[in-house]
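**Student:** Those protein sequence lines, which keep their order, are chains A and B. Each residue of the first sequence is one higher than the last, beginning at 91 in my numbering. Each residue of the second sequence is one higher than the last, beginning at 7 in my numbering.
Hints in this document: simulated from the structure, not taken from any laboratory. Treat the hints with caution; some may be incorrect.
Unchecked claim - Anything over 12 Å on all C-beta distances counts as not near chain A; from chain B, calculated:
| id | residue |
| --- | --- |
| 1 | Cys64 |
| 2 | Asn69 |
| 3 | Ala77 |
| 4 | Pro78 |
| 5 | Gln86 |
| 6 | Leu91 |
| 7 | Lys95 |
| 8 | Asp99 |
| 9 | Gly109 |
| 10 | Asp110 |
| 11 | Thr122 |
Said to hold, decoys possible - Listed next, the stretches of chain A that the computed footprint assigns to chain B, with coverage defined by at least 3 CB atoms under 8 Å from CB atoms of chain B:
| id | segment |
| --- | --- |
| 12 | 111-123 |
| 13 | 243-257 |
Unchecked claim - Calculated cross-link-like contacts (lysine to aspartate or glutamate; reagent style EDC-like; alpha-carbon spacing at most 20 Å):
| id | chain 1 | residue 1 | chain 2 | residue 2 |
| --- | --- | --- | --- | --- |
| 14 | B | Lys97 | A | Glu208 |
| 15 | B | Lys119 | B | Glu150 |
| 16 | A | Lys262 | B | Asp99 |
These numbers were taken from a predicted model, which means no experiment stands behind them. Each residue gets a CB set at the ideal place from its N, CA and C atoms; glycine is no exception.
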Amino acid sequence: MKAKFLVPLFLFLVLVGFLAFGLGLNPREVPSPLIDKPAPAFSLARLDQPEQRFSIDEMRGQVWLLNVWASWCVACRQEHPVLVDLARRNLVPIVGLNYKEVRGDGAIDARGMALEVETAQAISRARGWLKAHGDPYQLSVLDIDGRVGIDFGVYGVPETFLIDRDGRIRYKHIGPVTPDNLQKVLLPKIEELKRAG
Amino acid sequence: MRVKSVFARRIGLSLLLSAVLGGGGVAFADDAAQVAVPVVANPELEAEVMELSHKLRCLVCQNQSIAESNAPLAVDLRDQVREQLEAGKSKDDVLEYLVERYGDFVLYEPPFKTTTLLLWGGPAALLVGGAGWLAFRLRRRQAEAAQQARLTDAERDRARALLAGAAPVAADAPSAEEPRS
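Hey, can you work out the whole structure from these sequences and the hints?
**Tutor:** In structure tokens, the structure reads:
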């Protein structure tokens, strides 16, 4: 009964606890509803051979990464060496989803641009960028209008999806992959999925 | 000087014109209004798109709806909403399509389900609980006050004597009879 005056203080501390926890969360990291769901099916033109199309069924039976990138994306440049290094280790195939290469670039007004013109421009820009910075991708596909991106719930580039042998999305990394992320989160998850299969 | 004269002539001409034509100014305003009307193929559909867009959060600038935001993704999502409504999908279908991809976070109004029970029910529970507690406290205080207001027989006798002006006032000269504190 004597400690009754401590009740408001206790309530205050509980509130502080909640707020401190909330402050530590990253509002940019929106949990994806696609985790543990089958990756959305798509069929897109390949960057290396635009006349050929790639669909995710080709990756069935493999644990792989789908990395969303674009040459105008500054953070992609930051994560790129990490991906190049990962590719060199031959641990996991990486497929690149080139996201709105032309119309995503704020410096270009792509409205009214014919699709063929835009595609041609996207191919030359993307190829040039990979030549300059290294190509960690088994292959890249062109998502010119960002529709496949929407299917994957992409809202910021870069994003990286870890997909299992059955074609299910098991993990999503938002933002650039750092060496630390790779070592502590991605690689253990990849190992786990490979063993599980 | 020449400039000035040209200017004066122009004013004179326009005055003359407006005097002659009379309603000319009004006609001009009508033309302007026609130009300013946004060119939308289907205003009804556009209204629906905007209504729905106001309910959807832009994931890039998270404090704006996709109707307000100019982020490229917001434009893409607006186009998606328009396209799907055009294709005859219901509003709920379109919302579900986006929730499937971006999660409940894309909705400005969180849905009512078990994980959001506290969010939706919390304020009401707090209100009811607080009102209940307040009522309980008020009733108890009233009971306590009533309890304290009751006088013993001796006190009542003294009060009666005081009111009659017979007994000495306690504050001036404490009587043998100690007042109950």
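**Student:** Does each hint fit the structure? Answer for all of them.
**Tutor:** Each hint tested on the structure:
Under the 12 Å C-beta cut-off, the non-interface status given to Cys64 (chain B) relative to chain A is violated; the minimum distance is some 9 Å. The Cβ of Asn69 (chain B) does not lie farther than 12 Å from every Cβ of chain A; its closest approach is about 10 Å, which violates its non-interface assignment. Not every CB of chain A lies more than 12 Å from the CB of Ala77 (chain B), the least distance being 9 Å, so the non-interface label is violated. Under the 12 Å C-beta cut-off, the non-interface status given to Pro78 (chain B) relative to chain A is violated; the minimum distance is some 6 Å.
A beta-carbon of chain A is positioned within 12 Å of the beta-carbon of Gln86 (chain B); the least distance is around 6 Å. Every Cβ of chain A is farther than 12 Å from the Cβ of Leu91 (chain B); the closest lies at roughly 16 Å, confirming the non-interface assignment. Separation of Lys95 (chain B) from chain A is adequate, the least Cβ-Cβ distance of about 15 Å exceeding the 12 Å criterion. The beta carbon of Asp99 (chain B) is kept farther than 12 Å from every beta carbon of chain A, the shortest such distance being approximately 15 Å.
In this structure Gly109 (chain B) is not separated from chain A by more than 12 Å, as the shortest Cβ-Cβ distance comes to only about 4 Å. With a closest Cβ-Cβ approach of about 8 Å to chain A, Asp110 (chain B) is found to fall inside the 12 Å limit, against its non-interface label. Non-interface status of Thr122 (chain B) relative to chain A is upheld: no Cβ of that chain comes within 12 Å, the nearest being about 14 Å off. Restraint check on the segment 111-123 of chain A versus chain B: 5 residues with Cβ-Cβ distances below 8 Å, three needed, restraint holds.
Figure legend: the segment 243-257 of chain A, annotated as covered by chain B; annotation consistent (3 residues with Cβ-Cβ distances under 8 Å, at least 3 required). A C-alpha spacing of about 32 Å is found between Lys97 (chain B) and Glu208 (chain A), which places the hinted pair above 20 Å, so the restraint is violated. Distance hint between Lys119 (chain B) and Glu150 (chain B) is unfulfilled; the C-alpha atoms sit about 44 Å from each other, more than 20 Å. About 25 Å separates the Cα atoms of Lys262 (chain A) and Asp99 (chain B), which puts this hinted pair outside 20 Å; it is violated.
Going through the hint list in order, the structure does not satisfy hints 1, 2, 3, 4, 5, 9, 10, 14, 15 and 16.
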